[in-house]
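This is what each chain is made of:
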Amino acid sequence: MDEIDKQIINALQDGFPICDAPYRQVAAQLRLTEQELIDRLKALLDNGTLTRFGPLYNAEQMGGALTLAAVKAPKQRFDEITDIINAFPEVAHNYARSHELNMWFVIATETPEQIQQTINAIEQQTGLTVYNMPKNKEYFVNLKLEA
Amino acid sequence: MLDETDRKIIQATQAGLPLTPQPYQTIAEQLGLTSDDVMMRLSAMQNSGIIRRIGAVPNHYKLGYRFNGMTVWNIPDEFIDEMGQKVGQLVFVSHCYHRPRHLPEWPYNLFAMVHGKTQQEVDKQIQQISDLLDDYNLGSDVLYSTKILKKTGFRTGGRAGGRSPKATPQARNRNP
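Residue numbers (the working numbering), protein chains in the order written: chain A, 1 to 147; chain B, 1001 to 1176.
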C-alpha cells in the first residue's frame, strides 16, 4: 500500500458519486487515470485491504433486522463453533474477542422474526447459549478510518 | 417504500459495485433497466437512509489499526441517552450504541468502538471516555478483537457470497 492507495482509501470512505462515469470523476480528483483507479481498487479488494466497495445498506431501513450476539465458545471447540456460526448466511460479521464471551457476531435478516429463528438454530447446532444484544438506540455510526 | 426493482438493485450491488468505467450502466444491463433508472433509485435510497453511503470499507488490521476495542460501560438507565450522545461525539468512537444488559454476568449497556494503531493510543481513548462518564460509569470492560472470523457485509434474499477475507490474526491479545 503506497501513498496513492492511501489517498484512494481515504477518498472512497467519504462516498462515491452517482453519475455516468464515477471512477473517472474520482480519478480526476486524485490526479489518476480512470483505469489506474479501477486497477488499484481491484488490487486493494483482492489483497483484502478493502473488504467491500459499494453501497452500504442499512438493513433496518430496508425492513430487515439486525442484532449483535455473543457466545462463550470453549477453547477446544472454538474452530468448530466458528465454522457452525459462519455457515449461516445471516451472520454478516464475526469477531473473536478477548473475554469469556469470546465470539461476537452480527446477525442480519429480512424480518425481525428471523433473528430469533437464527439464534435458536445457532443454539441448537452449537449447544451454547446465545447472548442477544440488539441495539436499543444508535448514538453514532461513522465507519471511516484514516489510511 | 422499496419496490421490486429497488430490491433487485440491492441484490445486484450488495456484494459490491462493478469495477467497470460505467458501473451503473453495467448494473442496468444486468437487470434490464436504464442506467438513469438505476442512478435515480440509488440516489433516492441514499437520501432516505436505506443506503448509508456508497464507498469503501477497509480491513482495520490492514490499515495498521491492530487495536480494535469494544468498550462497554454500565450506565444508570436514566442517564444512558445523555451519556451515549456525549460518547458518540468523541472523534475516535466509530460506533456507539445502547444495548440490553444480561444480568448478572453482563451489566454493560453502553457500547463504544475505538480503534488505534498502538495499545497506548487506545488506552488514551478509553481514559478519555472514562473521564467523560465520570460518576455515571458504574463499571466497564474492553473487549479487543483478536481475529476477524467473518466479514461479508449484509445480504438479503438469502444470497450468500461476496468477499470473505481470510481471518487476520491480531499481533497481540491483551487477555489471552
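In case anyone wonders, no lab produced these hints; they're calculated from the structure. Glycine is no exception: its CB is placed at the ideal position from the N, C-alpha and C atoms. Please note that the accuracy of each hint is not assured.
As the list claims (entries may be wrong) - Straight-line Cα separation of at most 27 Å, DSS-like style, residue types lysine-lysine; simulated pairs:
hint, chain 1, residue 1, chain 2, residue 2
1, B, K1124, A, K137
2, B, K1124, A, K42
3, B, K1008, A, K6
4, B, K1062, A, K137
5, B, K1147, A, K42
6, B, K1150, B, K1117
7, B, K1062, A, K42
8, B, K1150, A, K42
9, A, K6, B, K1117
10, B, K1008, A, K42
11, B, K1008, B, K1062
12, B, K1086, A, K72
13, B, K1008, A, K72
14, B, K1150, B, K1062
15, A, K144, B, K1117
16, B, K1086, A, K135
17, A, K75, B, K1008
18, B, K1124, B, K1086
19, A, K6, B, K1124
20, A, K135, B, K1150
21, A, K6, B, K1086
22, B, K1086, A, K42
23, B, K1124, B, K1062
24, A, K137, B, K1086
25, B, K1117, A, K42
26, B, K1086, A, K75
27, B, K1124, A, K75
28, A, K42, A, K137
29, A, K6, B, K1150
30, A, K72, B, K1150
31, B, K1124, A, K144
Said to hold, decoys possible - Across the chosen pairs, the derived CB separations fall in these ranges:
hint, chain 1, residue 1, chain 2, residue 2, range
32, B, S1130, A, I4, 15 to 23 Å
33, B, Q1128, A, Q116, 33 to 41 Å
34, B, P1076, A, P89, 19 to 27 Å
35, A, V141, B, Q1120, 19 to 27 Å
36, A, E146, B, L1138, 31 to 39 Å
Consistency of the hints with the structure:
1. B:K1124 with A:K137: Roughly 26 Å separates the two Cα atoms, so the pair holds.
2. B:K1124 with A:K42: violated, 36 Å
3. B:K1008 with A:K6: Answer violated: B:K1008 to A:K6 is near 33 Å, above 27 Å.
4. B:K1062 with A:K137: Violated, at about 30 Å.
5. B:K1147 with A:K42: holds, 24 Å
6. B:K1150 with B:K1117: Given pair B:K1150, B:K1117 holds - Cα atoms ~21 Å apart, limit 27 Å.
7. B:K1062 with A:K42: holds, 15 Å
8. B:K1150 with A:K42: holds, 20 Å
9. A:K6 with B:K1117: At roughly 16 Å apart (the allowed maximum being 27 Å), B:K1117 and A:K6 satisfy the hint.
10. B:K1008 with A:K42: Roughly 24 Å separates the two Cα atoms, so the pair holds.
11. B:K1008 with B:K1062: violated, 32 Å
12. B:K1086 with A:K72: violated, 31 Å
13. B:K1008 with A:K72: violated, 38 Å
14. B:K1150 with B:K1062: Holds, at roughly 15 Å.
15. A:K144 with B:K1117: holds, 15 Å
16. B:K1086 with A:K135: Judged against 27 Å, a Cα distance of about 17 Å means the pair holds.
17. A:K75 with B:K1008: violated, 42 Å
18. B:K1124 with B:K1086: The hint holds at about 17 Å.
19. A:K6 with B:K1124: Status holds; Cα separation ~25 Å.
20. A:K135 with B:K1150: holds, 21 Å
21. A:K6 with B:K1086: violated, 30 Å
22. B:K1086 with A:K42: Not satisfied, since the Cα-Cα distance of roughly 38 Å exceeds 27 Å.
23. B:K1124 with B:K1062: holds, 22 Å
24. A:K137 with B:K1086: With Cα atoms ~14 Å apart, A:K137 and B:K1086 stay inside 27 Å; holds.
25. B:K1117 with A:K42: Judged against 27 Å, a Cα distance of about 25 Å means the pair holds.
26. B:K1086 with A:K75: Given that 27 Å is the threshold and the Cα spacing comes to 37 Å, the pair is violated.
27. B:K1124 with A:K75: With a Cα-Cα distance of about 31 Å, the restraint between B:K1124 and A:K75 is violated, given a limit of 27 Å.
28. A:K42 with A:K137: violated, 36 Å
29. A:K6 with B:K1150: holds, 24 Å
30. A:K72 with B:K1150: Between A:K72 and B:K1150 the Cα gap is close to 17 Å, so the pair holds against 27 Å.
31. B:K1124 with A:K144: Satisfied, since the Cα-Cα distance of roughly 20 Å is no more than 27 Å.
32. B:S1130 with A:I4: 15 to 23 Å: About 39 Å separates the Cβ atoms of B:S1130 and A:I4, which means 15 to 23 Å is violated.
33. B:Q1128 with A:Q116: 33 to 41 Å: 37 Å Cβ-Cβ, so the 33 to 41 Å window holds.
34. B:P1076 with A:P89: 19 to 27 Å: violated, 39 Å
35. A:V141 with B:Q1120: 19 to 27 Å: holds, 26 Å
36. A:E146 with B:L1138: 31 to 39 Å: Once the Cβ atoms are compared, 33 Å apart, the range 31 to 39 Å for B:L1138 and A:E146 holds.
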